[in-house]
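Novice: Listed below, chain by chain, are the residues.
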Amino acid sequence: MSVENLKAYIESGVLELYVLGDLSPEETLQVEEMASRHVEVRDEIAAIEQAMEQYALQNAIQPPADLEIKLFEKLGISEDDELETVSETQFEEEGPRIVRLDGSDGRVRTLRYALVACVALLVVSTVALFITYNKLNDAHDQIASLNLDKQKFAGVVKQLEFDNNGLNNMVAMNDSKEWATIRMAGQAFSPKSKMNVYWNKKDKSVLINYVAMDLPKADDTHEYQLWALVNGKPVSLGVFGKTDSTSNDALKKMQAIQEAQAFAVTLEPMGGSINPTMEKLTVMGGV
Amino acid sequence: MTAFKKLTLTEPELVLALQSKDPVVLKTLYSMYSSALYGVISRIITHTELAEDVLQETFVKIWQSASHYDNTKGRLFTWMMNIARNLSIDKLRSKDFKNSLKNQDIENNVSFVDEQNKVTFNPDVMGVKQLVENLKPDLQSVLDLVYYKGFTHVEAAEKLNLPLGTVKTRIRLAIIELRRSFN
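So the protein sequences, as listed, match chains A and B. Using the numbering used here, you'd call the opening residue of the first sequence number 1 and step up by one each time. Using the numbering used here, you'd call the opening residue of the second sequence number 288 and step up by one each time.
A portion of the hints provided could be inaccurate.
[Claimed, not checked] Simulated pairs of lysine-lysine, DSSO-like, Cα-Cα distance not exceeding 27 Å:
#1 Lys-423/B with Lys-70/A
#2 Lys-202/A with Lys-233/A
#3 Lys-252/A with Lys-201/A
#4 Lys-7/A with Lys-360/B
#5 Lys-70/A with Lys-308/B
#6 Lys-423/B with Lys-7/A
#7 Lys-150/A with Lys-308/B
#8 Lys-423/B with Lys-74/A
[Unchecked claim] Distance ranges between label pairs, derived from CB positions:
#9 Lys-446/B with Val-116/A: 48 to 58 Å
#10 Leu-6/A with Val-441/B: 17 to 27 Å
#11 Tyr-356/B with Ala-47/A: 41 to 51 Å
#12 Val-39/A with Val-441/B: 51 to 61 Å
[Claimed, not checked] Here's a subset of chain A near chain B, in silico, CB distances under 8 Å, partners left out:
#13 Gly-21
#14 Ser-24
#15 Glu-26
#16 Glu-32
#17 Glu-33
#18 Pro-64
#19 Ala-172
Derived by calculation from the structure, the hints in this document are not laboratory data. Cβ atoms here follow ideal geometry from the backbone N, Cα and C, with glycine treated the same way.
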């Protein structure tokens, strides 16, 4: 190409458009071919490029500072140690590197979401656990109070069964003709007391019924003793305690006596006495 | 090492590091050129948020297509500037941008219209305006369209109702004017 033609080519303005990126691919190739052949074209392009670069640098506008952080986060480049892992993985794989970067970015984001989800889950679980713990405590309290109620009712039922048993026996004995009921009334020691004794006319056995007695409660060192008066002499028929709840049986069999004119009960030291303590005569009744 | 890398590098060093995909070089590149590229972008796109988006996209693209850069065909900055310009023009013509115009609320719209009519003065751009105002009006109008508005020279010719050759010549004269003012 002649010098004139070259000059005209340069002055056509195509090189400026080339630098501005405003040419079609074919035109671009042509310019590049010209540049590779003619040093004048190369120099002109370089001068235009430097002018545009100067122009841009002198009219630079500082972007907001956080944009840089956002950009490197987007590219998955933030810390120096992270940088090394990124470059390492790139050496392993030469192919579509950007996919890898995006992938690691996605992974970091996923992990971040996972972390947030875990923390949220932990908080929810803790709250749920706390609520459950409180409910469990309430339930324990309820169970304890229900147990208490149950024991109380069981006690009541036992008492009722015991009473019922005794009453049934009383009714049975009253109905039968074999049994004589001796009512003993309160004496000076305990005027309000009363008690029944059942004496079998046939085999002479003696029964008392815990339900059919109303005696003051004996203390730990005393118990009641049943006596029969035979021709003016007291004969011990045995001792009996307070209504003890270990047995459901309201009836207690005492010693049999062939004949008696009266029955009496005294309060004696534990184990009973040979002779009745008359000051503590509680109830007495004649046959 | 980091401190060293943050120093400015010469262009061949930059190119080498960029093509070896050393992530540190991207930071260097960013600290050296982000404001120059942002200057280019924000003259084409006056909407701040969109301009910031485009700057991000520009660096992503620089990073992704570093291997396509051929230093025998031009300076690194020219290559980066053209990425920024092309992305800006794409954005300008995209739905995103058109929607953002529609979504302007009234208060923003006032300043937007002002910007469009160049009534307000962005202090960052004032130097450029002076420079361009020193140009003859016919050179100014061409450079204005091509450089500020992202027009191609063909579009500028249509817009100004001038032959293509004249537009090309005027662009060349305007740039020669710039070259002179820098030397």
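Novice: Evaluate each hint against the coordinates.
Specialist: The hints, checked one at a time:
| no. | hint | result |
| --- | --- | --- |
| 1 | Lys-423/B with Lys-70/A | 41 Å, violated |
| 2 | Lys-202/A with Lys-233/A | 23 Å, holds |
| 3 | Lys-252/A with Lys-201/A | 17 Å, holds |
| 4 | Lys-7/A with Lys-360/B | 20 Å, holds |
| 5 | Lys-70/A with Lys-308/B | 19 Å, holds |
| 6 | Lys-423/B with Lys-7/A | 24 Å, holds |
| 7 | Lys-150/A with Lys-308/B | 81 Å, violated |
| 8 | Lys-423/B with Lys-74/A | 44 Å, violated |
| 9 | Lys-446/B with Val-116/A: 48 to 58 Å | 52 Å, holds |
| 10 | Leu-6/A with Val-441/B: 17 to 27 Å | 25 Å, holds |
| 11 | Tyr-356/B with Ala-47/A: 41 to 51 Å | 20 Å, violated |
| 12 | Val-39/A with Val-441/B: 51 to 61 Å | 30 Å, violated |
| 13 | Gly-21 | 4 Å, holds |
| 14 | Ser-24 | 10 Å, violated |
| 15 | Glu-26 | 15 Å, violated |
| 16 | Glu-32 | 6 Å, holds |
| 17 | Glu-33 | 11 Å, violated |
| 18 | Pro-64 | 7 Å, holds |
| 19 | Ala-172 | 102 Å, violated |
Hint check: violations occur at hints 1, 7, 8, 11, 12, 14, 15, 17, 19; the rest are consistent with the structure.
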